[in-house]
Amino acid sequence: MSAELSTMDNLNQIGTDYKYGFSDVENYIFKSGRGLTPEIVTKISHMKNEPQWMLEFRLKALALFYKKPMPTWGNTKLLNDIDFANIFYYIKPSEKQGTNWNDVPEGIKNTFDRLGIPEAERKFLAGVTAQYESEVVYHSIREDLEKLGVIFTDMDSGLREHEDLVRKYFATIIPANDNKFAALNSSVWSGGSFVYVPPGVKVDIPLQAYFRINAENMGQFERTLIIADEGSFVHYIEGCTAPVYSSDSLHSAVVELIALPGSHIRYTTIQNWSKNVYNLVTKRAYAYENAKVEWVDGNLGSKLTMKYPAIYLMGENARGEVLSIAFAGDNQHQDAGAKMVHVASNTSSIVVSKSISKNGGRTSYRGLVKVYEDAKNVKCSVKCDALLLDDLSRSDTYPTMEINDQDVNIEHEATVSKVGEEQLFYLMSRGLTADEATAMIVNGFFEPFTKELPLEYAVELNRLIKLEMEGSVG
Amino acid sequence: MSNKNALLIINNLHAKIGDKTILKGVSLEINSGSVHALMGRNGSGKSTLSYTIMGHPKYEVSQGDIKFEGNSLLNLSPDERAKLGIALSFQYPVAIPGVTVLNFLKTSLKSVLKRDIPIKELRPMLKAKMQELEIKDEFLSRYVNDGFSGGEKKKLEILHLSLLKPKLAILDETDSGLDIDALKVVANGITSLNKEGTAILLITHYQRILNYVTPQFVHIFENGEITNTGNHELAFKLEEFGYEYFAKANPLASTNSTKEVNYVS
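From first to last, the protein sequence lines stand for chains A and B. Using numbering that gives the first Met the number 0, the first residue of the first sequence is number 0, and each one after it goes up by one. Using numbering that gives the first Met the number 0, the first residue of the second sequence is number 0, and each one after it goes up by one.
A couple of the hints might just be wrong.
What the hints assert, rightly or not - Cross-link-like lysine-lysine pairs, in silico, DSS-like; alpha carbons within 25 Å at most:
#: 1; chain 1: A; residue 1: K450; chain 2: B; residue 2: K119
#: 2; chain 1: A; residue 1: K417; chain 2: B; residue 2: K57
#: 3; chain 1: B; residue 1: K119; chain 2: B; residue 2: K82
#: 4; chain 1: B; residue 1: K183; chain 2: B; residue 2: K128
#: 5; chain 1: A; residue 1: K76; chain 2: A; residue 2: K66
#: 6; chain 1: B; residue 1: K109; chain 2: B; residue 2: K126
#: 7; chain 1: A; residue 1: K450; chain 2: B; residue 2: K109
#: 8; chain 1: A; residue 1: K95; chain 2: A; residue 2: K30
#: 9; chain 1: A; residue 1: K18; chain 2: A; residue 2: K122
#: 10; chain 1: B; residue 1: K105; chain 2: A; residue 2: K450
#: 11; chain 1: A; residue 1: K450; chain 2: B; residue 2: K82
#: 12; chain 1: B; residue 1: K105; chain 2: B; residue 2: K119
#: 13; chain 1: A; residue 1: K30; chain 2: A; residue 2: K59
#: 14; chain 1: A; residue 1: K42; chain 2: A; residue 2: K179
#: 15; chain 1: A; residue 1: K95; chain 2: A; residue 2: K47
It should be emphasised that the hints constitute simulated quantities derived from the structure, not laboratory data. These numbers were taken from a predicted model, which means no experiment stands behind them.
My request is simple: use the sequences and hints to build the entire structure.
Quick look at the structure:
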């Protein structure tokens, strides 16, 4: 029969239509030379007028970075391809930070316009920080929240204006010696968000941070610290994109969340880096008594992502959830997962991981569930579903369980499936083209994730997936 | 003998899956608005015929042709065939997890009718059909065929077809797996579809559903070909004598029927 579904042709289009790959002309206040030295670290700290303790912290971290070996797990081939000497570690794009978009240099403002940030801010956000290269160039927060004592600012301002709070929590959850990339971030960090929500305050609509890399071979090392005080709630969303270049950039963030008793933090990421960006991120949360932490983690872009959002359930009745999706196409490896550490009794955690690989892309789920001795009545459920769109693609699961107590209920379930010819035929027989049918199946597969996003993001994600299925003639 | 005005003309159709030939010279004509029953045993190739008409990529047509309104379907993809006005009710509708029934129906209607029907217009349309088919409202927000009972799946198929209002509906064992109450409801749905002008090709191996949906023509299908054709009587005869009796084209068995019915009328 000559009427083919031409499934392969259509699927090959997914993920190839990256509309954020444009770049701006560089017109910077300061750009460090390539490579990393103690002088550069000192220069960054001095330019930021940091207290001495932070400079010392940075220099110690740098020594750790030099000393620590590269991870010997994950995609070691790609990791060892990183040329640390070729990266720019600090770029200051503008003189000062704007609280009004008109104060942001025009080229940069235009970029954020194209990315839809000011529009989203007007429509449905309680506050925004926009980071360009190493610095936050714009930040805003709704006045009423500010009056309630909510702090939402870039990390550098956080350190300047709330030094005691920062010093109390900074690097307490992810110390510089945690891993090579945490050490790297600790030595050259710049930008990122600092959030503090006072006791009992519920931030009813999301705060958003947007991270944009512009220069080739850029290293972006934002540092985020969120503290939800007792009984408070905050939903923080981050998005990120970068231009397409033929050589690599590096994004290595450290994100620490502190959910004090009875509080609730939801942290949503839509990672859509271009395919020349290494995304090597350490994210960890402490959830105290009756607190809840959720990582909603979407990984669509990047060359290699290694990211395992962790939740330490420190107090009784603490709950943790990781809901993640990953999409790996040609020359992409999404090595993502979750860590749930049950320190206290009566704690529960849920991990739902969904991945799609196509056109030779690779996804891995790498997870840890750890239950401390004496942590009683612990519940944990891990579910990993992988969908392969063709025979070239690959998906692996690497679950680790360290259970030191008997009174534990753990479920682990993993499935790998292919987009079925029968599903495609069924949808096509009802009038959907092969592209539309594939998009519908993929959207359906990701639905448990998209339904957790604010509506605007869910619509955007569905639209992205649909767009990416188009442009092929069957 | 061919009637050029027939809606569907299948002529000497041979189809295979891999190296295995399943359809071995099927010829069949269906006029607009008519009801045909195609009866055959499991494994006789009935479903292959329905998949081949709809354009399943797994089945290769090696000989013969399928014409719809005078044009060959063979180079068309399934969605193009759907847009011409052909619809297939599946014997085993597949689940599409994460996609709601409402979204599926809306998207399908948009593709086929080339019109994006707003939800507030679509809902009342659905409501009337759903009442006829005894389907609850909550059905629309469930995921397509995901965790559906056999009856629910078949009802969704009929609901969907009744919205599409195709020129030709192929119903592949729509009666299988239904209890008697559900069978009646589904049969009524098929009858209404036909009353609105849809020609029906009802594929079944039991005469049971034909008590509710009256065919003008009954074809017995055996080993990849139509061995006998008659009127509704043939179905009763089949029930009485069994498929074995009709296993080969049996002149005795079909004489009466073919005499009485002008097949290409």
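Hints and how they fare:
1. Taking the CA atoms of K450(A) and K119(B), the gap is about 22 Å. The hint holds against a cut of 25 Å.
2. Our distance criterion of 25 Å between C-alpha atoms is met by K417(A) and K57(B), whose separation comes to about 17 Å.
3. A C-alpha spacing of about 24 Å is found between K119(B) and K82(B), which places the hinted pair at or below 25 Å, so the restraint holds.
4. The straight-line distance between the Cα atoms of K183(B) and K128(B) is roughly 15 Å, inside the 25 Å bound, and the hint therefore holds.
5. In summary, the hint linking K76(A) to K66(A) is supported, as the alpha carbons are separated by about 20 Å, within the 25 Å threshold.
6. Distance restraint check for K109(B) and K126(B): the Cα-Cα separation of roughly 18 Å lies within the 25 Å cut-off, and the hinted pair is therefore satisfied.
7. Distance restraint check for K450(A) and K109(B): the Cα-Cα separation of roughly 23 Å lies within the 25 Å cut-off, and the hinted pair is therefore satisfied.
8. For a cut-off of 25 Å, the pair hint linking K95(A) to K30(A) stands: about 15 Å separates their Cα positions.
9. The suggested pairing of K18(A) with K122(A) holds, with an alpha-carbon distance near 22 Å, which does not exceed 25 Å.
10. With a C-alpha separation of about 19 Å, the suggested pair K105(B) and K450(A) falls inside the 25 Å cut-off, and the hint holds.
11. With a C-alpha separation of about 31 Å, the suggested pairing of K450(A) with K82(B) is violated against the 25 Å cut-off.
12. Restraint check for K105(B) and K119(B): the C-alpha separation of about 11 Å stays at or below 25 Å, so the hint holds.
13. About 23 Å separates the Cα atoms of K30(A) and K59(A), which keeps this hinted pair within 25 Å; it holds.
14. At most 25 Å may separate the alpha-carbon atoms for a hinted pair to count; K42(A) and K179(A) meet this at roughly 22 Å.
15. The suggested pairing of K95(A) with K47(A) holds, with an alpha-carbon distance near 12 Å, which does not exceed 25 Å.
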